[in-house]
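Peer 1: Sequence:
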Amino acid sequence: MGKRQICIQLDEEDAKKMEEIRTKTGIPLSKQIELKLKGYKIIRDENTV
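According to our numbering, the residues represented by the sequence shown are 1200 to 1248, in order.
Keep in mind that the hints were calculated from the coordinates and are not lab data.
You may find that some hints are simply not true.
To be verified - Just the calculated beta-carbon pair ranges, DEER-fashion:
| no. | residue 1 | residue 2 | range |
| --- | --- | --- | --- |
| 1 | 1221 | 1245 | 16 to 22 Å |
| 2 | 1215 | 1237 | 21 to 27 Å |
| 3 | 1246 | 1205 | 33 to 39 Å |
| 4 | 1246 | 1204 | 25 to 31 Å |
| 5 | 1243 | 1211 | 20 to 26 Å |
| 6 | 1211 | 1242 | 28 to 34 Å |
Quick reminder that beta carbons are idealized off the backbone N, C-alpha and C, glycines included.
When you get a sec, could you build the whole thing from the sequences and use the hints?
Peer 2: Pasting the structure below:
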């Protein structure tokens, strides 16, 4: 099964959160959306350096 290209509309708050995650982690928005659609959550582990 190949990848498909889709178009979505994000809530302004979700877009801002994703932008913050991108600046902190370097994970692009497209990858964040892909992970979210697959059921993953991007969280910060407080125990890491």
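Peer 1: All the hints need checking, so say for each whether the structure fits it.
Peer 2: Outcome of the hint check:
For the hinted restraint 16 to 22 Å between residue 1221 and residue 1245, the CB-CB distance of approximately 20 Å keeps it satisfied. Distance hint for residue 1215 and residue 1237: a CB-CB separation of about 22 Å, consistent with the stated range 21 to 27 Å. Checking the proposed 33 to 39 Å range against residue 1246 and residue 1205 shows it holds: the Cβ atoms sit about 35 Å from each other. The beta-carbon spacing between residue 1246 and residue 1204, approximately 38 Å, falls outside the hinted interval of 25 to 31 Å.
One distance hint, 20 to 26 Å for the beta-carbon pair residue 1243 and residue 1211, holds here, with the actual separation near 22 Å. Between residue 1211 and residue 1242 the CB atoms are about 22 Å apart, so this pair departs from the stated range of 28 to 34 Å.
In this structure, the hints that do not hold are numbers 4 and 6, in rising order.
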